[in-house]
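Asker: Going down the list, the sequences are from chains A and B.
The numbering used here numbers the first residue of the first sequence as 1 and each following residue consecutively.
The numbering used here numbers the first residue of the second sequence as 1 and each following residue consecutively.
I should point out that these hints are in silico values taken from the structure, not numbers from a laboratory.
Watch out, some of these pointers could steer you wrong.
To be verified - If you want the footprint, here are the derived chain B segments under chain A, 3+ residues with CB under 8 angstroms:
hint	region
1	61 to 73
2	93 to 100
3	104 to 113
Ideal placement from N, C-alpha and C gives every residue a C-beta, glycine not left out.
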Amino acid sequence: MQLLQNLINALQLGSFYALIALGYSMVYSILMLFNFAHGDIFMVGAYIGFGVATGLIALSKMGALAMPNWLILMLTVIFSMFLTSFVGMFVERVGYRPLRDAPRASAAITGLMIGIILETGNLILLGAEQLSFPSLVQTATYNLGGIYITNQKIMIVALSIGLAFALHQFIRRTKWGMAMRAMAFDYVVVPLMGVPLNKIAAMTFALGSALAAAAGIFYGIAYPVLDPYMGVLFGWKAFVAAILGGRGSVVGATLAGFLLGFIEIFVPMIFPSTIRNFIAYSIVLLILVFRPHGFFGEPYSARLRL
Amino acid sequence: MLLTVENLRVSYGNIKALHGLNFQINEGEIVCIIGANGAGKSTTLKAISRLVPVEDGTKMTYQGNDLLDYPADKVVSKLGISHVPEGRRLFDNLTVIENLKLATFARKDNDQIPNDVQRVFSIFPRLEERQNQKAGTLSGGEQQMLAVGRAYMSGRKVMLLDEPSMGLAPLLMMSMFDALKEINQEGTTILLVEQNARMALQFAQRGYVLENGNLVLEGPSEELLENPEVKKAYLGG
Ligand SMILES: Nc1ncnc2c1ncn2[C@@H]1O[C@H](COP(=O)(O)OP(=O)(O)OP(=O)(O)O)[C@@H](O)[C@H]1O
Ligand SMILES: [Mg+2]
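Excised from the complex, chain A in its bound form:
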C-alpha cells in the first residue's frame, strides 16, 4: 500500500525535476553551456503563475469574466509559459549571447550571477515572505483499494508527461527541432544551412523557460508555497537529472527526472529521512561512474571550430 502510495508521490516529484531538466539539457546540447540560472527561471515562472492566477481569479470574482476554475488553471499555465519564455529569451540575450565565444567558465558564472540577480530581485520586489499559491484545483481524492490519489497529482503527472512528449515530437519532426539537433552536433556550420543561430538559441531558451514555468505552477499547486530561493536546490537536482539523462536527450532527461523522484521518495522508506539526500545522490554518483555520458547522450562532433 505504502509502496503504491509513494509511487504517485515519486511521479509527481519526478515531474518537476523532468520539466526543469529538459531546459537544462536543451541549452547544454545546442550551446555547450550550462544555464545555471535555470532553477531561478523555474522560480520566476512560479511567481508569474502566481500573478496570472491571482489576476484571473480577481477578474472572475468581479464578475466581469466569470470563469470556472479549470479554465483559470489552463489559462494560467498557458499565459505563464508564454510570459516566462520571454524571461528566458532575455537571459539569453543579455547574459549569454555576448559571451558565446568566451571561455565556458565565464558563461557558467554568468548563469550563477543571473540566478542571484533573479532571486534578490524578487526579494526586493515582493519581500521575503512566502506566498501561498491560490488553489485552483478542487481537490478530489480517489480511493483505489486503499491507495489515496488526488486528482491534482494525476493532473500534474499527466500534463508533465504530455509536455515532455510534445517537446520530443517538436524536436524530432519540425525544422526548428532539426536545427536544434544540428546545432547540438556541430553548431559552427549551422549558419551555412541558412539557419540563424541566434534565433534557434533564443527559441531554445524560450522553450526551456516555458517548461520551467509549467513546473513552477505545478509546484505551486502541489506545495502551495513560493519563496525566492525555491529554485536553487530544485535547479541543482534538475541539473543532475539533465546530465544523468544524457546530453540533449529529451527522453533521457525526462526519465532521469523521474528516477530522481523515485530515489528521493523511496530511499526514506528504508533509511532515516535525514540521510535521504546523502543516499539518493550517492546512487546518482554511482550511476554516473558507470555511465559517464548519462543514459542517452547524443553524439556530437569533436570539431567545434571551422
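With chain A held as given, fit chain B with the ligands onto it using these hints.
Answerer: Frame of chain A; chain B with the ligands shown alone:
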C-alpha cells in the same frame, strides 16, 4: 562581375592569414584557388561566407550588394551563396534527407523543394537509396555527395567548394567533378579551392595561386598548367 573581392584581410588573433587578396568571379564561371597547406584557401572561403571576421579595408561586393552587410546565414538564404566546408561537416546525427531538408530552413519556395531533392537524387542516386540512413554512417564518398547535395539545397547562385576531392578514390573523384560540372551548367557559379592543383585546373576555367596569404599568380587554367613555376611547385615538376 558577380563577386568582387578587394583587399581581403583576415587574422586569427595575432596570426595574419590573408594579406589583402583581390579577385573577381564572373557569372557562370568555374574558378579555382590552388595553394599549399596553410596558404589561406579555406580562410578565403570562410571570409566570403562570413564565418570569420574580416579586417577593416576589406571590400566584398556581390551583385551590387555589400557582402559585409549580411551575416553568415543570410549570405546563404538571401544571396544564394552556398559553401561546402572543408571536411564535409555533415550532421552525422541527422539522416540524409534531414541534412538536405535542414539546408532549406530559410527558403520560402516550399513548392520547389521536393523538385530540388529529386534533382539531388538524380545527380547522386546513391543518396536516394540511403535517404533514411544517418549521415554519420555513410561512406566517405557518399558523405561528399551529401555535402554537395546539401549545398545545392541551401542556395546555388554560387557554390564555394573546399577540397571536394579530399579522400576520394580517383574514379569517384572524376564522377564528383562530373556532377559539379553538371550543376555548373545549370547556372551555378563555382569557386573551388584545392590542394590537388592538377585536378582543379583541369576542371576550372581560371585559376589563382595562393601562397602564404597572398595571391601570386592568376590566369586561364591552360596557362597556369603550362606555367613553369606552377608546374614546379604544384604539379610535381
Ligand atoms: N581557427 C583558427 N585559429 C587560428 N589560426 C587559424 C585558424 N584557422 C586557420 N588558421 C591559420 O590560418 C592559416 C590559413 O589557414 P587555412 O585553413 O585557410 O589554410 P588552407 O589553405 O585551407 O590549408 P589546408 O590546405 O591545409 O586546408 C594557417 O596558418 C592556419 O594555421
Ligand atoms: Mg583548407
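Asker: For each hint, tell me whether it holds in the structure or not.
Answerer: Results of checking the hints against the structure:
Given a C-beta distance limit of less than 8 angstroms, the hint that chain A covers the region 61 to 73 of chain B holds, as 3 residues qualify and 3 suffice. With 3 residues bearing a CB less than 8 angstroms from a CB of chain A, the region 93 to 100 of chain B meets the requirement of three and the coverage assertion stands. Proximity of the region 104 to 113 of chain B to chain A, defined as three or more residues with a beta carbon under 8 angstroms from a beta carbon of that chain, is established by the 4 residues found.
Hint violations for this structure: none, all hints satisfied.
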